[in-house]
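Generate the whole structure from the sequences, applying the supplied hints.
Number of protein chains: 2
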Amino acid sequence: MVQKKNMIICQSGGPTAVINASVVGAYHRAVKAEGIEHIYGGYNGILGVLKEELIDLQKQDSVMDGLQFTPSSALGSCRYKLASDFNHEDYRRIFQVFEAHNVGYFFYNGGNDSMDTAMKLDKYAKESGYDIKIIGIPKTIDNDLQGTDNCPGFGSAARYINTSLLEAAFDCYTYSLKTILLMEVMGRHSGWLAASSALAIYNGEPVPDLIYLPEVPFSQEKFLSQVKEKFKEKEILFIVVSEGITDEQGEFFLAEQAQKNDQFGHKRLGGVSLYLQDVLEENICKRVKVINPGILQRCATHCVSGTDLDEAYWVGYRAVDYALQGNSGFMAAIKRLSNQPYQWDVRLVPLEQVANKEKKFPTEWIVPEGNYITQDAIEYMKPLIEGSVIAPLWKGLPRYNILKREFIPRKLNSWK
Amino acid sequence: MVQKKNMIICQSGGPTAVINASVVGAYHRAVKAEGIEHIYGGYNGILGVLKEELIDLQKQDSVMDGLQFTPSSALGSCRYKLASDFNHEDYRRIFQVFEAHNVGYFFYNGGNDSMDTAMKLDKYAKESGYDIKIIGIPKTIDNDLQGTDNCPGFGSAARYINTSLLEAAFDCYTYSLKTILLMEVMGRHSGWLAASSALAIYNGEPVPDLIYLPEVPFSQEKFLSQVKEKFKEKEILFIVVSEGITDEQGEFFLAEQAQKNDQFGHKRLGGVSLYLQDVLEENICKRVKVINPGILQRCATHCVSGTDLDEAYWVGYRAVDYALQGNSGFMAAIKRLSNQPYQWDVRLVPLEQVANKEKKFPTEWIVPEGNYITQDAIEYMKPLIEGSVIAPLWKGLPRYNILKREFIPRKLNSWK
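Residue numbers (the numbering used here), protein chains in the order written: chain A, 1120 to 1535; chain B, 1120 to 1535.
Hint data in this document are derived by calculation from the structure and do not stem from the laboratory.
Heads up, a few of these hints could be off.
The list treats identical chains as interchangeable, and a pair is accepted whether it falls inside one copy or across any two copies.
Said to hold, decoys possible - Listed next, the in silico SDA-like pairs over lysine to any residue satisfying Cα-Cα at most 20 angstroms (straight line):
no. : residue 1 : residue 2
1   : LYS1297   : LEU1166
2   : LYS1408   : LEU1393
3   : LYS1514   : GLN1494
4   : LYS1523   : GLU1354
5   : LYS1151   : TYR1441
6   : LYS1408   : GLY1390
7   : LYS1514   : ALA1496
8   : LYS1349   : GLN1339
9   : LYS1523   : TYR1294
10  : LYS1151   : ASP1180
11  : LYS1297   : ARG1198
12  : LYS1297   : ARG1524
13  : LYS1408   : GLU1362
14  : LYS1523   : TYR1321
Below, the structure is given as structure tokens:
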């Protein structure tokens, strides 16, 4: 007879449009598993374990399916880093909770910080001889995780950005007026999302004329001369800028500008696009439009990519599969098998290869001028925004679901 | 035998997500009309007539159907006001063009300025004895046209705003942190779009806690005390502000603030939400998130309301119907027949009742505190965001169509 264990899954870091699909995938595999009895969601990431705030997902089975089409982290989130020192009380507490609730499987759904948490817990478990299988489940709109072809969450954010940029292009072409449209896109450290904007096609050509990534040091002077040059060729220009562009010294460009402005007692708000709008209006064109979708780009489940939703679901599902087979200390990663047709599989990569690392947008995919991306990059990204999903509606709006924050009875004292 | 005439349709004013559906509706009716030979689109509104820049829509028949799912004005747009004095050379020129091209039907698709153009042309035609049928076709995301229950374009913008706000709410509820989300919504003179945000429902309650409209004079002091009060009840607060809020003197609130800031040589960018973010962060909460979708809210065809798309199509279709019956000098308006189920018809209203007028958000639909709307308002708006449309896709993105700007041969000299 199989010895039954319980499982905990948590979400951590910034939300995405498909992160809940990973929890649903994991849940669907777990409910079928002979070796798993209760399936708990830890509320607010690892804090949910520390605080012993666990949600019994099977008790909300009817909500679980709908979570596939629900943005943001249904289990809540946190940004909480575990200490490097295994003597830290957090470890003792976490494993007390695991033990108290007979937890034999732990899944952490997040980005590279989250993979650090998963890795540390796996190491601690192995050192202390606690029998638990720990697998990381990737997510991030930034697409900057090592060891995986792409990250669930990226394709949907990219699809939203491209849909928005395409629609903005139609808006701009309405008037026969010299116009610059400046779109600011998320990505503090890597330019994947900004780069993805080259997928939007208007009249056979990519919408963006210039793309600025954090991977290329940003110079305002060079920027102005490149825009001036392009503006000679076209009346209506589209520029995409990553929020995280940095100067030659590696400082955030906006932070640098904000310092300059400090003498006026003025706090610079609203991101790099508003600053550049000012610069462009003063130097190049009176009509500069800005779009900065902000948090909307990471939670636009109404605009989800079918491929991305699939990937999110299956990394969750297969993570549980792999854990049931006895694996621990890995992340369930996407392995691309072919480009046309796009085929992929879920494979394990050791958490050490992912934790705390960043996958920058590759230098070889950036043109020599530093202001655009290559066709190889476009071919890589194309399949990730494809496939659409008809999500359920309610009164004209997406029918999103909410998991009740009802915790199972405590077995330990309160934390701290 | 019916004497065949040609028809011109133009679009004017700001784009919407469904404005092209009206052109397609008109086109579909016109191609079936015995009395109509050629169907021309005037390029860039009335300027297309003045400049004799006319597009033969039948030559691009294969594009026309796809325009139903294409944002922004496929025929281009303008903001060009005709003189009040009928002796102005524009009138002579316009009717020379009409005559040269045997135009017997003219349709102008736009907002209240556009209805002014249509009205003047109709009057001029009647005074000068030129036989032409002129009908206005309404559109505006602002929903501020008189004589019509609602305006095609509004429902889709409202659906986009509500979808975005709902998704932003899911994003904010991820973290258990005190947060204020401030959403800025279009509407320089009327608060319909800001008001519509009350349709977004999270956990059984409308997402917005406070809504500020241009119809209610805005006081920063009152605003702060209302936010403070609400913030005692809830950890996460949602505030929707119309871009056009005005002070007690009727001045745009932002313009007033910008003047105050002028002494620092600083140009205030980015709308009222960034200003209020600053105010809230200084006075109430450190974590204030801003979303300002800007032009995206008026061109989000990917998020179109089925009801709105239908209305846009049929006001176009029926406008041609009514013209063929011999009517001129009217706008094709939406008449609401019932609320549940939502039923409506297209009726004529005289252009004088619409031109240059604005329909403000009704005072009786605003709560006494001036910071929210009533249930009657919600019942009015509900049906307008309902119904979804599966628009065609191409490589993962909406398949939008572009009308070629190929003009028919000139018959007159150049304009001016």
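Verification of the hints:
1. In this homomeric assembly, LYS1297 and LEU1166 come within 20 angstroms of each other (Cα to Cα) only across copies, at 17 angstroms, whereas the closest approach inside a single copy is 52 angstroms.
2. Taking identical chains as interchangeable, the C-alpha atoms of LYS1408 and LEU1393 lie at most 20 angstroms apart whether they share a chain (9 angstroms) or sit on different chains (16 angstroms).
3. Within a single copy, LYS1514 and GLN1494 get their C-alpha atoms only as close as 42 angstroms, which misses the 20 angstroms cut-off; across copies the closest is 16 angstroms, which meets it.
4. For the identical chains of this complex, LYS1523 and GLU1354 are inter-copy neighbours only, at 17 angstroms across copies versus 52 angstroms inside a copy, given an alpha-carbon limit of 20 angstroms.
5. In this assembly of identical chains, the alpha carbons of LYS1151 and TYR1441 lie at most 20 angstroms apart only when taken from the same copy (14 angstroms versus 63 angstroms across copies).
6. Both within a single protomer and between protomers do LYS1408 and GLY1390 lie at most 20 angstroms apart by alpha-carbon distance, with minima of 14 angstroms and 12 angstroms respectively.
7. In this assembly of identical chains, LYS1514 and ALA1496 lie within 20 angstroms of each other by CA distance solely across copies; the values are 16 angstroms between and 40 angstroms within a copy.
8. Within a single copy, LYS1349 and GLN1339 get their C-alpha atoms as close as 15 angstroms, which meets the 20 angstroms cut-off; across copies the closest is 43 angstroms, which misses it.
9. Taking the shortest Cα distances, LYS1523 and TYR1294 sit within 20 angstroms of each other only across copies (15 angstroms), while inside one copy they are farther apart (49 angstroms).
10. Taking the shortest alpha-carbon separations for LYS1151 and ASP1180, only the intra-copy value of 13 angstroms comes in at or below 20 angstroms, while the best inter-copy value is 54 angstroms.
11. For the identical chains of this complex, LYS1297 and ARG1198 are inter-copy neighbours only, at 15 angstroms across copies versus 44 angstroms inside a copy, given an alpha-carbon limit of 20 angstroms.
12. In this assembly of identical chains, the alpha carbons of LYS1297 and ARG1524 lie at most 20 angstroms apart only when taken from different copies (18 angstroms versus 52 angstroms within one copy).
13. In the homo-oligomer, the alpha carbons of LYS1408 and GLU1362 lie at most 20 angstroms apart both inside one protomer (16 angstroms) and across protomers (16 angstroms), since each shortest distance falls under that limit.
14. For the homomeric pair LYS1523 and TYR1321, the shortest alpha-carbon distance between copies (13 angstroms) is at most 20 angstroms, but the shortest distance inside one copy (44 angstroms) is not.
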